[in-house]
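Protein chains in written order, with numbering that gives the first Met the number 0: chain A, 0 to 293; chain B, 0 to 255; chain C, 0 to 431; chain D, 0 to 363.
No wet-lab data here; the hints were simulated from the structure. Some hints here could point you the wrong way.
Said to hold, decoys possible - Some chain A residues well away from chain C (every beta-carbon gap over 10 angstroms; in silico):
| # | residue |
| --- | --- |
| 1 | Asp60 |
| 2 | Pro68 |
| 3 | Thr215 |
To be verified - Straight-line C-alpha distance at most 25 angstroms; calculated SDA-like pairs for lysine to any residue:
| # | chain 1 | residue 1 | chain 2 | residue 2 |
| --- | --- | --- | --- | --- |
| 4 | C | Lys241 | A | Asp1 |
| 5 | C | Lys241 | A | Pro281 |
| 6 | D | Lys133 | B | His175 |
| 7 | D | Lys133 | A | Pro281 |
| 8 | C | Lys241 | A | Leu7 |
| 9 | C | Lys424 | C | Ser159 |
| 10 | B | Lys65 | D | Asp232 |
To be verified - Examples of chain D residues lying across from chain C (beta carbon under 10 angstroms, computed):
| # | residue |
| --- | --- |
| 11 | Asn33 |
| 12 | Asn34 |
| 13 | Ala110 |
| 14 | Thr154 |
| 15 | Asp166 |
| 16 | Tyr174 |
| 17 | Val179 |
| 18 | Ala270 |
| 19 | Gly305 |
| 20 | Thr313 |
No experiment lies behind these values; they were computed from the predicted model shown. Each residue gets a CB set at the ideal place from its N, CA and C atoms; glycine is no exception.
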Amino acid sequence: MDVLIPQLLNGSAQGALLLLAALGLSLTFGQMGVINMAHGEFLMIGAFTAYLVQRVIDSSDVSIPVALPVAFVVAGLFGLLLEVAIIRWMYRRPLDTLLCTVGVSLILQQAALQIFPSQGVPVEKPHWLDGQLNSFGYNWPLRQLFTILLAAFCVATLAAWLKYTSFGRRIRATVHNRDLAETSGISTRTVDRITFFVGSGLAGVAGVAASLIGGTNSQMGTQYIIAAFLVVAAGGIGQLKGTIIAAWAVGVALSCFAYWTTGSLAQVLAFILVIVFLQLRPQGLFTVRTRSLA
Amino acid sequence: MTDASLVVTNLRVEFSGFVAVSGVSFDAHPGEVRFLIGPNGAGKTTCIDAITGLVRATGSARLGEKELLGQQVHRIVRLGVGRTFQTASVFEELTVLQNLDIAAGRHRTPASLLRARRGTDASIEQALEETGLTGELATPAGILSHGQKQWLEIAMLLVQDAKVLLLDEPVAGMSHDERAATGDLVQRIAAKRIVLVVEHDMDFMRRFATRVTVLHQGKVLSQGTVAEVQADPQVQEVYLGTADAIAVGTPNRTEV
Amino acid sequence: MSTTSKRRRALVATGAIATTITLALAGCGARAGDDTSGGGPTAAASCVDTSGSTVKLGFLNSLTGGMAISEKTVSNVLHMAADEINAGGGILGKKIEYVQEDGATDWPTFAEKTEKLLTQDCVAAIFGGWTSSSRKAVKPVVEKLNGLFFYPVQYEGLESSPNIYYTGATTNQQIIPAMDFLASKGVKKLFLAGSDYVFPRTANAIIKLYAAKLGIQIVGEEYVPLDKDDWTSQVAKIVAAKPDFVFNTINGSSNVGFIKAYYDAGLTPAKTPIISVSIAEEEAPAMGHEVTGNYASWNYFQSLKTPTNSKFIQSWKAYPNSSGVTSDPMEAAYISLYLYKSLVEAAGSFDVDAVNAAAKKNTITFDAPEGKVTLDGKNHHISKPGHIGRINADNQFDIVWASDAFIKPDPYLEGYDWFPADIRKQLVGAAG
Amino acid sequence: MTKPKPWLSLSGIGVFAVLLLAVAPLVLTDHWLNNLGKYCCWAIAAVGIGLAWGRGGMLVMGQGVFFALGAYSMAMHLTLETAGDRVPGFMVLYDPLAPLPAFWEPFRSTAFTLLAIVLLPVVLAGVLGYALFKRGVKGAYFAILSQALAVALATLISSTIRETGGDTGLSDFKYFFGFVLNDPANKVMVYLIAAALLVMCLLAVWQLYRSRFGELLVATRDAEERVRFLGYDPANVKLVAFVFSALMASIGGAMFVPIVGIITPAEIGAAASILMIAGVAFGGRASLFGPALGAMAVGWGQSSLGSTWPESWTYILGLLFIVVILFLPNGLSSLPARFARTRRSAAQQPAPAIATAELEGVRS
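Bound-form chain A, shown alone (with noise of 0.2 angstroms):
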């Protein structure tokens, strides 16, 4: 239990960012079908904003929190542009804008990569996030509960958002089934912008998380893109419940196999689990049953 428990909470923390970086891809791909791989780099520019912000707000105790909205609203712009500039025009060919945004990934890596010093920039943890949270008998990393927190609550500002807010409603109306959406007076275009917006922007949140665990550079984006579509596809298209639960159960496999085993096999493992798990539920863990013949 010594070991178990701090890997639990380590494989949750590790969950937790994986949601973030999942929770914008679920939401554009259960709505539009569109699967973005340019989604790796919103979060590196996340992680950049971070950093930029670093440079403005020198306390790192202060610039964080800061440079969590700010990281939102930047990487959702990128995405808002992406959408108006090249997805817009490529609604149902989904397999297009796979490739098409693969385009996009490298050209906005290679910025990054001529833009900032080639070795990655700082981004200076908050002194509140220092140490460990001594309970229970555990110590736990501040910065790992942090994390969790961080996932939390935009899951929670989300499902609220879906919920409550008749933008949410339409946006879950779009998804549940766009002819009809549409029919029903709801401008699904502006409904896409705004999805494609948000979930791009909890990707910029995911980045600045990101940049608290390692380094932020050029290449940070593509360690987590794969993973976080396997959590998608695990969890259902457009099932936020099954999404949590799917990121939570990689991340604490990653956590557990690499303890168990070695760092590599860890990935090897916890990817060749998602694939056997969509073997037996190609549709995810949850899904609505529907009649049509797509």
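With chain A held as given, fit chains B, C and D onto it using these hints.
Coordinates of chains B, C and D only, in the frame set by chain A:
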């Protein structure tokens, strides 16, 4: 051909707790044009979906001695059950001939599949003639008119050698003349086969139906000849309440 | 057209191709048996042209892809060194005209570009590479074409090639000094953490052998893929193993994740310091204050006080696109170009065989920022001083330990009795 | 979509074969011939991707896996051939006394190696495809899963240094089935084999495309469920295409090794797998020549444009993805048809919009 009949007993379909079809029984025999009608959401298409294996159902649907429920879609087809869809679904990028050739091809050996097509099967030419598509042989199916697409679908069922033809709103969106032509076609092919038509169009039903089953809210409301059904007070009540649906007959994919 | 004739035509086409292959197989070149004629380097006549006023050199670094993070600065330093040498009159009076190639973090591309530089651009020598993989991709090509390759990064040793000059440290110049330092600190329990690739694996294999000799117990060994930043699970194992010191062979940005996770787990330099062999002045800033107080083993530090070093730092700071700090791989790249200059001038020729013959005399030296280095003509490595630095609050290194003298390069660890002779013999044998 | 003049394509292949097998060796320098050989290997894999993706609708983003099977099979054989009786050098350090890993042993045999290059991808793709297609895994799911598999395999190889050479890969091969690789004549021979294999793959897909199976494959791509209602199991149709494409990737990988002289996990991971797709998209996914020519063009771009402007090349590649897929979903090979259509529609009345037909087809 065959004397086997399609016998559906106590069919029940549930979608996540919602009962779309419950306890529906009917039968269809070669030589008659059987109609399945009912207002939106009555469960007509769901019945077809259940028979063809698209949705899971309980109860029984037998073709002769063979139980269809619980089998995989393509196995049911191989037993001789074919269907069309509300929105015509043909292979848009392929020509009419290629569409029919694929439909006729499930008996081919793997080796013959790997060879190029040479000539036209007799069954295909016959089906083309039957449906009046001979002139469109080399046309990509995507640019056929709506009615022609429906006929192509029926032609595909013919070359597929289906014993049971389940036609889901075959005349929706067709012009008056096209409807008449389709009706004649359906009657012709029903001579040797079991034909079950799901329709909204009451005129079409009156003209071409042999026997009719009326569904309402997932249950059988009435069964019999056109005259019998029309005389049924229950049917009148239901249809008065949803008169629009009968008159307009809009296809609606999202009905459950 | 009838069925049969159609099929026949396809058959004819297939047959024609099969015949081509058979002919190609039968009609061609040397086989394993007649090794003497074609086995060795078929030193095709070099196309290097130095008759004009310039000499062409090739720079081969990853400017795109994952390794661009590290290799871009090396490329910049090479440009600076070339500019300096040109300003000083060039090599043998000929100005350097460099051809920059992108290795694109793709090892076959390194091989392809090496071949291109040697056979299309006809460069006299190639400088660059970072990962061992890139070097191993280049090695067969330069050996086949009898070219020259200067490799500027510390590596796992156990290699030498007549066509490669190594200006970074081999294991006995970085790993072994680090172990000596740990022994002098009285370390008893050591944990090994590395990226999952050849350098950390090999370095740790050597560390384990030497640790046994020094009486240091290895209490754990962990690897994480190069492109993974998350080290929390592995750090948990370090916490559980309670080592005195951690030997860190992690490479790249994964280091940032490691240091952050380490700090979060409550491990501090005061209790359990880390000694790294891949964190230098360039990498440390990206880790912020959390890396302060830990150690690194290098031959060169920016804080070294030598006259050449202050000149080197000044030139670099003034150079366009400069990152402002200097580091060991940068300095080794800087050395490589000057070393080549010395070699050519000693040989009086750009010819590869003449350069190698000049190296054999063991008299080639260069007054490098790290001190006066000497080239070993036999193994093509250079002597280097061992230094241990401690990271201060400015992310610079305070030198806390230095080797007694310059350490002679010994890639096969022949001077170390704890290294099993049979392994060495097999390695040398396998290298051919 | 359908080829009105199959013989035109066949003569195209003939011209292509003459260019590759006869003209190229005469006019190109050793360096560029070797590069062309490398592009041929990618082109072989690309032809397979064209089959699976262009015709079958399966976006195979993990062809690196099959490329690796062929490449590593070949590389293990060549490594053993080079090492002779010794254990390969990179294995010695970690455990000097341990024997060769058991799975290496059979690769000493030439026959086994050749068989493995063919059978390994067939078996793996068969099992994988069966498991995924029968369960109805398709579209983006399939794409992401295949990519995840490639990443997993690359990570696995990177971490098993003693068994596979790890991140450094396998390199420094001296012999190719008894032929000395350093000999320029032998290099030409290796090139010719790769080029001939490419031509054979083109012939194979040419036959597949004009066959009934080819039509069925397109039908399955456009309306999988509809095919099911014609009595076929679409999973089987896709499986066949997937297995063929895996086989081609493996052959490409196998020839890559003697030509380039090194194979590493970087050649099979996410980036490499995506680069293979770039060429296919560029050339035209569903056409016969598009994938092969596109892959060769991207390879050439990397060699030459990547040399001249390394940083811009990344941008060019990125833009290539965006522009081609956005405006020319059927790649460059669809340009002639487009021009023809615009000219015709300018002369007569506007041609029926294909887009509407496609839209209708989406849901059916």
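Hint check:
No Cβ of chain C approaches the Cβ of Asp60/A within 10 angstroms, the least distance being about 13 angstroms, so the stated non-interface status holds. Listed as a non-interface residue, Pro68/A keeps its Cβ farther than 10 angstroms from every Cβ of chain C; the least gap is roughly 22 angstroms. Look at Thr215/A: its CB is around 7 angstroms from the nearest CB on chain C, not clear of 10 angstroms, so calling it non-interface is violated. Distance hint between Lys241/C and Asp1/A is fulfilled; the C-alpha atoms sit about 15 angstroms from each other, no more than 25 angstroms.
A hinted pair counts as satisfied when its Cα atoms are at most 25 angstroms apart, and Lys241/C with Pro281/A does not qualify at roughly 44 angstroms. Restraint check for Lys133/D and His175/B: not satisfied, since their Cα atoms lie roughly 43 angstroms apart, outside the 25 angstroms limit. Among the hinted pairs, Lys133/D with Pro281/A is consistent with the structure: their alpha-carbon atoms are about 10 angstroms apart, no more than 25 angstroms. With a CA separation close to 21 angstroms, the supplied pair Lys241/C and Leu7/A stays within the 25 angstroms bound.
Restraint check for Lys424/C and Ser159/C: satisfied, since their Cα atoms lie roughly 14 angstroms apart, inside the 25 angstroms limit. This hinted pair checks out: Lys65/B and Asp232/D have alpha carbons roughly 20 angstroms apart, not beyond 25 angstroms. Taking 10 angstroms as the C-beta contact cut-off toward chain C, the hint placing Asn33/D at the interface holds, the least distance being around 7 angstroms. Nearest Cβ of chain C to the Cβ of Asn34/D: about 7 angstroms, under the 10 angstroms cut. The hint holds.
With a cut of 10 angstroms, the hint placing Ala110/D at the interface with chain C is violated, because the nearest CB-to-CB distance is about 16 angstroms. Hint status for Thr154/D relative to chain C: holds, with the closest Cβ pair at about 5 angstroms, below 10 angstroms. Hint status for Asp166/D: holds, given a least beta-carbon distance of 4 angstroms to chain C, under 10 angstroms. Look at Tyr174/D: its Cβ gets to within about 5 angstroms of chain C, closer than 10 angstroms, so that hint holds up.
Against a cut-off of 10 angstroms between C-beta atoms, the interface hint on Val179/D holds, since the closest Cβ of chain C lies about 4 angstroms away. For Ala270/D, the interface hint holds, since its Cβ comes within 10 angstroms of a Cβ in chain C; the closest pair sits about 7 angstroms apart. For Gly305/D, the interface hint holds, since its Cβ comes within 10 angstroms of a Cβ in chain C; the closest pair sits about 6 angstroms apart. The interface hint given for Thr313/D is met, as the beta carbon of that residue sits about 5 angstroms from the closest beta carbon of chain C, less than 10 angstroms.
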